[in-house]
Amino acid sequence: MVLKAFFPTCCASADSGLLVGRWVPEQNSAVVLAVVHFPFIPIQVKELLAQVQQASGVGVAVLGTWCHRRQEPEESLGHFLEGLGAIFSHEPWLQLCRERGSKFWSCKATHRQVPTSPSAPGEDQVMLIFYDQRKVLLSQLHPPTALPDHQAGDATASTRGLAAVFDTVARSEALFRSDRFDEGLVRLSHWQSEGVEASILVELAKQASGPVCLLMAYLLSLISAASTCRVFKLWPLSFICSKLSTCEQLRHRLEQLTFIFSTQKAENASQLMRKANTLVSVLLDVALGLTLLSWLHGKDRIGQLADALVPVADPSSASSVVVYWAYCGQTGLCGQEPSQAECPWLLRVAQLRGRRKESLGAGKEWVAEELQHLLQWLMGAPAGLKMNRALDQVLGRFFLYHIHLWISYIHLMSPFIERILWHMGLSACLGLTVALSISDIIALLTFHIYCFYVYGARLYCLKICGLSSLWRLFRGKKWNVLRQRVDSCSYDLDQLFIGTLLFTILVFLLPTTALYYLVFTLLRLLVVTVQGLIHLLVDLINSLPLYALGLRLCRPYRLSAGVKFQVLEHEAGRPLRLLMQINPLPYNRVVHTYRLPSCGCHPKHSWGSLCRKLFFGELIYPWRQRGDKQD
Amino acid sequence: MEDELSFSDIYGGRLALQRRYYSPSCREFCLSCPRLSLRSLTAVTCSVWLAAYGLFTLCENSMILSAAIFITLIGLLGYLHFVKIDQETLLIIDSLGIQMTSSYASGKESTTFIEMGKVKDVIINEAIYMQKVIYYLCILLNDPMEPNGISQVVPVFPSAKPRLDCLIEVYRSCQEILAPGKATSTSP
Numbered sequence: 305m306v307l308k309a310f311f312p313t314c315c316a317s318a319d320s321g322l323l324v325g326r327w328v329p330e331q332n333s334a335v336v337l338a339v340v341h342f343p344f345i346p347i348q349v350k351e352l353l354a355q356v357q358q359a360s361g362v363g364v365a366v367l368g369t370w371c372h373r374r375q376e377p378e379e380s381l382g383h384f385l386e387g388l389g390a391i392f393s394h395e396p397w398l399q400l401c402r403e404r405g406s407k408f409w410s411c412k413a414t415h416r417q418v419p420t421s422p423s424a425p426g427e428d429q430v431m432l433i434f435y436d437q438r439k440v441l442l443s444q445l446h447p448p449t450a451l452p453d454h455q456a457g458d459a460t461a462s463t464r465g466l467a468a469v470f471d472t473v474a475r476s477e478a479l480f481r482s483d484r485f486d487e488g489l490v491r492l493s494h495w496q497s498e499g500v501e502a503s504i505l506v507e508l509a510k511q512a513s514g515p516v517c518l519l520m521a522y523l524l525s526l527i528s529a530a531s532t533c534r535v536f537k538l539w540p541l542s543f544i545c546s547k548l549s550t551c552e553q554l555r556h557r558l559e560q561l562t563f564i565f566s567t568q569k570a571e572n573a574s575q576l577m578r579k580a581n582t583l584v585s586v587l588l589d590v591a592l593g594l595t596l597l598s599w600l601h602g603k604d605r606i607g608q609l610a611d612a613l614v615p616v617a618d619p620s621s622a623s624s625v626v627v628y629w630a631y632c633g634q635t636g637l638c639g640q641e642p643s644q645a646e647c648p649w650l651l652r653v654a655q656l657r658g659r660r661k662e663s664l665g666a667g668k669e670w671v672a673e674e675l676q677h678l679l680q681w682l683m684g685a686p687a688g689l690k691m692n693r694a695l696d697q698v699l700g701r702f703f704l705y706h707i708h709l710w711i712s713y714i715h716l717m718s719p720f721i722e723r724i725l726w727h728m729g730l731s732a733c734l735g736l737t738v739a740l741s742i743s744d745i746i747a748l749l750t751f752h753i754y755c756f757y758v759y760g761a762r763l764y765c766l767k768i769c770g771l772s773s774l775w776r777l778f779r780g781k782k783w784n785v786l787r788q789r790v791d792s793c794s795y796d797l798d799q800l801f802i803g804t805l806l807f808t809i810l811v812f813l814l815p816t817t818a819l820y821y822l823v824f825t826l827l828r829l830l831v832v833t834v835q836g837l838i839h840l841l842v843d844l845i846n847s848l849p850l851y852a853l854g855l856r857l858c859r860p861y862r863l864s865a866g867v868k869f870q871v872l873e874h875e876a877g878r879p880l881r882l883l884m885q886i887n888p889l890p891y892n893r894v895v896h897t898y899r900l901p902s903c904g905c906h907p908k909h910s911w912g913s914l915c916r917k918l919f920f921g922e923l924i925y926p927w928r929q930r931g932d933k934q935d
Numbered sequence: 082m083e084d085e086l087s088f089s090d091i092y093g094g095r096l097a098l099q100r101r102y103y104s105p106s107c108r109e110f111c112l113s114c115p116r117l118s119l120r121s122l123t124a125v126t127c128s129v130w131l132a133a134y135g136l137f138t139l140c141e142n143s144m145i146l147s148a149a150i151f152i153t154l155i156g157l158l159g160y161l162h163f164v165k166i167d168q169e170t171l172l173i174i175d176s177l178g179i180q181m182t183s184s185y186a187s188g189k190e191s192t193t194f195i196e197m198g199k200v201k202d203v204i205i206n207e208a209i210y211m212q213k214v215i216y217y218l219c220i221l222l223n224d225p226m227e228p229n230g231i232s233q234v235v236p237v238f239p240s241a242k243p244r245l246d247c248l249i250e251v252y253r254s255c256q257e258i259l260a261p262g263k264a265t266s267t268s269p
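Order-wise, the sequence lines are chains P and H. The opening position of the first sequence corresponds to residue 305 in this note's numbering, with each subsequent residue numbered one higher. The opening position of the second sequence corresponds to residue 82 in this note's numbering, with each subsequent residue numbered one higher.
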């Protein structure tokens, strides 16, 4: 087996001395950690190594000698270095030598005892691997190989392969504490930090963080205690709270803040990273929210937004609807079928309204008005389809009446909308995600679309169910509820007759219902899509590990996926030299590993199940149902 | 020691295999794929622009032309940076591991290093690819749970797809390092 010597690049220019490091026998590799310079007293070196071994739990030992020839080779130094092997006995004894003016090093590993195999006479093949001590010290291997029982003395068995090298370097931090300029008894050469820049602000923040955390944790515990109060557990409140995304978001934010300000120390690196990620994401969120707040409260933009959001701020359109409704009600009460002669009248109303809208010059979207247009279009011959006229009219009027109710509701609401929005805007202090839970407001303002959808879906579902059971009757079968299967059944003649009659009626009425259902489902899907996009944005802000991404961008070696080797220039007869570099973790794996948990209150329909539900007229909800399968 | 051989990939394209013997315990194999040819680049660009021009004459909207330019540029950049692999390298170091590097045409390099403790063996396998049977070199990884199990099969040279004769060369050299002594007797 080839002997591998891991040598730190920072020691390449050190003076001659002793190599201090750890020998990993199972891999036949020597990890050099530092170089001890001349002059030294062997007892003191041994004492220092014993101290380091006690502090770090790494078996640090003198591995061999290091000779950096700046001048002409001296015979005496060579003998002296060989003599050192007798004082610090190690098996095998490394002899590294760097010659002046040459890029190639010589390296020998000698076994003092009798070699086990006669073919290898005391010397091994050696491979030199250079590594950057600082990067290896700071980097964190993915996936983490260290086991929880790491601290317990000899944890060397738990790590294998190159992870052992990383582990050795990371744990022998005690060795790196001594400074280069210290006039100590033993002079060492190894990597050392450039020195921490003492900033008074950083020190103050460090001192202040403890009390601030305590205070915030106390406040947060008060808030969470208040939120678990029994008043909120009552039926309507708890139901509303579980469905409103603002409440979900507030709860999530509370959890995040409790996590950040928890007084316990982070146990391991992944938890520390999670804390940092959460902190950065909350900070960014609040910063974005404050920007939004200052923008909103700047130039009466709240008022403009309220005007834009109130779908029928124009009372004239509402009055025309009332007139129209009165007319429809008259004809309906008289029990007459609306004749073809009404169509021009309808058209005229539509034209009139369109002109008025143009004259107002308002570029805003009048949701209710557009819906009325749509309904009128549906009540005629939509896209040239011939519908069942009576059912068509009944459905259309029903929906028009609903719109009328809706308009009056909006009129009642309109003075308060601005104030509600103002208060919602204040919630942006808690972060953009809370403010973005505006989808609640969208849901409130498009409640009529939801109602239409529910009516249409229920009607359609009823028809589909009726049709399917009657189709079974048609074939002489029936659904056996007890056995949960289709059984054959012999029907009477009049049963068959009635069933067939009903089937025919349902089949002929189906297209009209299906059309209404289709149109309102499309509208509903539009609203759900907008809400879903907002939820996606909120989830993105909540779950993106910004700190880890920043670390990957600025310090790629901190998060490592492994190592990569580069073969350095080579000369025959000399040991092979490799450069070990840190292979940074790819961005997608960073995101995957450090993704923060988001509040998962949104359903995850697969496309197939969605289409199936839509076809059979089952209701789709924007939140997760209790019976839904969690996937 | 360094030598260069010429092989062909499964489509008949030319591949250059460079072998570098750094030491008895360290070898490198470097497969260079053919570069992006000017002819195919011109053909793709011309077809996109002609299609855009055809749409432009129909719609009379100059947005289409600028969109076509952007699509071509971004597509070319994406192709060079994420898809087109110029060189694939297999570095095998005794008792340390196997390293696979793919260099993209834009200069990006993606490296995977597999430690020797995880490597079970290097073999030549055959697979059905589209409508033909191809051979590929792959690394079998040990399963940490089962001593004899295989947890993963990592294909080597996935984008170059060299033919069997090239694979045999690489395979023999790999086996010389992995299992010295019996390498000469094994044949794939």
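Some hints here could point you the wrong way.
[To be verified] Simulated pairs of lysine-lysine, BS3-like, Cα-Cα distance not exceeding 27 Å:
1) H:Lys199 x H:Lys242
2) H:Lys199 x P:Lys439
3) P:Lys412 x P:Lys350
4) H:Lys189 x P:Lys439
5) H:Lys242 x H:Lys165
6) P:Lys579 x P:Lys569
Source of the hints: derived by calculation from the structure; they are not laboratory data.
Could you tell me which of the numbered hints above are not met by this structure, giving the numbers in increasing order? none
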